[in-house]
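When we follow my numbering, the leftmost residue of the sequence shown carries the number 191, and every step to the right adds one.
I should point out that these hints are in silico values taken from the structure, not numbers from a laboratory. By construction, the Cβ of each residue, glycine as well, lies at the ideal position given by its N, Cα and C atoms. Relax, there's no trap hidden among the hints.
Derived Cβ-Cβ restraints for the label pairs, each shown as a range:
(1) Gly1098 x Ser1013: 21 to 29 Å
(2) Ala845 x Asp920: 36 to 44 Å
(3) Glu616 x Ser236: 37 to 45 Å
(4) Ala443 x Thr923: 54 to 62 Å
(5) Ala439 x Leu925: 54 to 62 Å
(6) Ala845 x Arg1130: 39 to 47 Å
(7) Thr923 x Glu965: 22 to 30 Å
Calculated cross-link-like contacts (lysine to any residue; reagent style SDA-like; alpha-carbon spacing at most 20 Å):
(8) Lys483 x Lys664
(9) Lys817 x Ser783
(10) Lys817 x Val858
(11) Lys817 x Ala786
(12) Lys483 x Gly811
(13) Lys847 x Ser790
(14) Lys817 x Arg761
(15) Lys817 x Ala767
(16) Lys664 x Val627
(17) Lys664 x Arg633
(18) Lys863 x Trp831
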Amino acid sequence: MTFRTTDVSYVEDVSPGRGALPPRARYAGSDARSLSLNGSWRFRLSATADAEDDSFAAEGYDAGDWAEVRVPGHWVLQGHGAPRYTNHLYPFPVDPPHVPTENPTGDHLRVFDLPGDWPTAGDASLRFDGVESCARVWLNGTELGEFKGSRLPHEFAVGRLLRPGGNVLAVRVHQWSAGSYLEDQDQWWLPGIFREVTLLHRPPGAVGDFFVHASYDHLTGEGTLRVDSEVAGRVTVPELGIDAATGEAVTAAVEPWTAETPRLYDGVLATGGERVPLRIGFRTVALEDGLIKVNGRAVLFKGVNRHEWHPDQGRALDVATMREDVLLMKRHNLNAVRTSHYPPHPAFLDLCDELGLWVVDECDLETHGFTEQDWRDNPVDDDRWTPALLDRAARMVERDKNHPSVIVWSLGNEAGTGRGLTAMAEWIRARDPGRLVHYEGDRECRDTDVYSRMYAFHDEVERIGQGLDGGPRKRRELPFVLCEYGHAMGNGPGGLAEYQALFERYERLQGGFVWEWIDHGIRHPGFGYAYGGDFGEELHDGNFVCDGLLFPDRTPSPGLVEYKKVIEPVRFEGDGADGTVRVVNRYDFADLSALALEWSYQVDGETVQDGVLTMPQPAPGASADVKLPEPPAGTREGETWWTLRAVLAEDTAWAPKGHEVAWTQLPVGGRVKPALTASARPVPAEGLIRLGPAAFDARTGALLRIGAVEVGAPRLDVWRATTDNDDGADWQTDLRHGPLWRTLGLHRMQHRRDAVEWDAEGLTVRTRVAPAAREIGLRTVYRWSADGDRLRLTVSVTPEGDWTVPLPRLGIRLGLTRADTVSWFGGGPGEAYPDSRAASRLGRWRSTVDALQTPYVRPQENGARADVRWVELGGLRIEGDPEFWFTARRWTSEHLDAARHLTDLTPGEGVWVNLDHAQHGLGSQSCGPGPLPRYVLRARPAEFTFVFSPAG
191 MTFRTTDVSY
201 VEDVSPGRGA
211 LPPRARYAGS
221 DARSLSLNGS
231 WRFRLSATAD
241 AEDDSFAAEG
251 YDAGDWAEVR
261 VPGHWVLQGH
271 GAPRYTNHLY
281 PFPVDPPHVP
291 TENPTGDHLR
301 VFDLPGDWPT
311 AGDASLRFDG
321 VESCARVWLN
331 GTELGEFKGS
341 RLPHEFAVGR
351 LLRPGGNVLA
361 VRVHQWSAGS
371 YLEDQDQWWL
381 PGIFREVTLL
391 HRPPGAVGDF
401 FVHASYDHLT
411 GEGTLRVDSE
421 VAGRVTVPEL
431 GIDAATGEAV
441 TAAVEPWTAE
451 TPRLYDGVLA
461 TGGERVPLRI
471 GFRTVALEDG
481 LIKVNGRAVL
491 FKGVNRHEWH
501 PDQGRALDVA
511 TMREDVLLMK
521 RHNLNAVRTS
531 HYPPHPAFLD
541 LCDELGLWVV
551 DECDLETHGF
561 TEQDWRDNPV
571 DDDRWTPALL
581 DRAARMVERD
591 KNHPSVIVWS
601 LGNEAGTGRG
611 LTAMAEWIRA
621 RDPGRLVHYE
631 GDRECRDTDV
641 YSRMYAFHDE
651 VERIGQGLDG
661 GPRKRRELPF
671 VLCEYGHAMG
681 NGPGGLAEYQ
691 ALFERYERLQ
701 GGFVWEWIDH
711 GIRHPGFGYA
721 YGGDFGEELH
731 DGNFVCDGLL
741 FPDRTPSPGL
751 VEYKKVIEPV
761 RFEGDGADGT
771 VRVVNRYDFA
781 DLSALALEWS
791 YQVDGETVQD
801 GVLTMPQPAP
811 GASADVKLPE
821 PPAGTREGET
831 WWTLRAVLAE
841 DTAWAPKGHE
851 VAWTQLPVGG
861 RVKPALTASA
871 RPVPAEGLIR
881 LGPAAFDART
891 GALLRIGAVE
901 VGAPRLDVWR
911 ATTDNDDGAD
921 WQTDLRHGPL
931 WRTLGLHRMQ
941 HRRDAVEWDA
951 EGLTVRTRVA
961 PAAREIGLRT
971 VYRWSADGDR
981 LRLTVSVTPE
991 GDWTVPLPRL
1001 GIRLGLTRAD
1011 TVSWFGGGPG
1021 EAYPDSRAAS
1031 RLGRWRSTVD
1041 ALQTPYVRPQ
1051 ENGARADVRW
1061 VELGGLRIEG
1071 DPEFWFTARR
1081 WTSEHLDAAR
1091 HLTDLTPGEG
1101 VWVNLDHAQH
1111 GLGSQSCGPG
1121 PLPRYVLRAR
1131 PAEFTFVFSP
1141 AG
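Take these sequences, add in the hints, and give me the full structure.
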């Protein structure tokens, strides 16, 4: 008997691979021929790395009964196996460099013909832009080599092997390899060939590697261009009159490239055999005066961390999706992106160059799972792994070095510390001294140019801004960046405005990058969107993978709308009382000439007049006063205010004319609060008490209806379906309110009726609201009064006992038998909470009950509208004193709390309405600080009033 064996030792080899060509600059186009090998490939999945021999790579192999998969793509998203999600825990035993015997392995076959006019002279290279996590490659039966480094390009010389027709490309892909230990990046583990595969003709004299050096002198306004090229040639830039040999420096007057003014010059690099288009941006990056400066000016990052994600395709993104991402970032005032935690698809950087974003380009490196063993055996501190680390650094830098948008190289993320990281930093500085080096894990800043942290609390960030943070002198002299903050998981983040205020107050604080761009939900027929654990994984981190400013379908979340408002580049200061307002230019480089200034004057939420003002032109960082028009004459009495909007004056590459960049509202006349003179007396009759338009149960005092509208009795409500930020994370040691609320029993409060009383003034119901097994409670009194048509409820709440835990909310909840359309005067159009309400704009708004809901992937408290004066729904008009928050849902908070996916929410027969006097803040404690003290809802005596009347 013979046994077939297959050598798979390369899978656990710590080296980066063998056979691949040295890394080089990537360029988007060329006059040399290329052939895309994307499309349908034959596919066979095996359970282990050695289940099949190499015969499938031989010519003539019959793969007719194999399945088919789409390339680029992940086989686990195409019906073969299942995805897995972990935050930082390795989903296999930690024993580097070994991986499990159960190692899903996908054999891929593609048969292709060369075009009839494919050149016969020269060579050819086969390029893989991304394969997870280890690949072995054959062409026409000849092995080319193997490689690791999932989000990095690899090329093989194949010209000698090509034939006109019937070329057989075979690729064996292993899900797990030694490389997996370097790719523990808080995302789905998704094997496959997920980026393009391309055959590139390399004519005689073709362009090789090249490096575009395009610096800018902000004192003279001149740019200096030098293109170093592996193959000698000439560089032309017609607009600048440049025609120079490679390696020759040429200086000319230029417009600089910045993220705000992304000026690119078209050029050509021509060698004897190839012409490559260049997109040249002149800019200089420097660490000066303890600050990150570009073109002589300090920059303030208003950034986001971006994983690559699509709910159907995973990390196999097309250019249209990438462009949508960049357009959404620009339209929401973002100016920077950190490519967490790997180099992105190269086309994304083309778009950043074109449309304007600062880029922190991060290496494909994270070993976070080693924290479970106190970083013992961490590859970055093991010399055997250093070649692999250097290979990853080189492939990132060489591929992306010609992008003006890339101003910082990042060594990786959450990989501890070690000699390998130092070696990476030294290599990068030697290869590219014109950019800075970042790595958050280097707390002593030995190898980095930036003091970088994650999720530091507001008070610590302020101390750092003041220079009171201590630590080594080198670190104290470096700029500070929050490379991750504002964890956007579920409803939140709260506290963004307070972070931004610190960034703008202290020069050392150069901004940050919100975590993160998009929820990594996988579209699923049963769940809507799936997250960790939905595919039967034995080890997972639940919905921690859904923590983005976009929902999986790229719909902006309320968090992104809030962030846009917080970081808007035009600020309006003053209250307009003296007839002027100050316009502050918060851009770093641009003036305000691209913007128009529109005004409108509102009375009780309705615009009565509008127009255009002349936009002043203060320099970046400066301000100018603008005179407001005279308030319109003859307007009716009511609450009045100005609304000012800075909008695009003309179409741009990233948004159309009229797109709103910034806004403010300036109050003029105050609100007239609802008043009611209690003239109706309670009238008992047949088990009821009638009071004005209302009927109550005489025994319980419960409201039954108002006019013809049946009402589920209003009663005190303090519970909300906990948000991800309420619940926090198990590993956090600081106070987490969600678990405390449940321990205390706030989700199961009991209502005891103590008295039902009526007199000439109205009806009074006295209650005590408290959780079982606890002595604390809320003494609650409902006082009802009425005139002929309207009903007033005054609620008085007095805490009893030692309330050491804040309340989730404080208000009343009532039921309506039906409601669809909702109109209100207050904050809108979207949801808002105490520490996330900058984007809430006062006005009259209209929606439906269903449209009021915010579809967080894991259901939780959502949909509150703030500063509401009145709301109409279900046949009722409800006014509040003071202003209130309202939510309306077709399910109760308890049903919302129990749901794990949107598909768990089934509309009930009625609509449940919360009218809240106060809400607890959001914070970002899913991975960061909880709400700031001013947003914590303490149990204190409170009184609030609502007036009910028939709508219309």
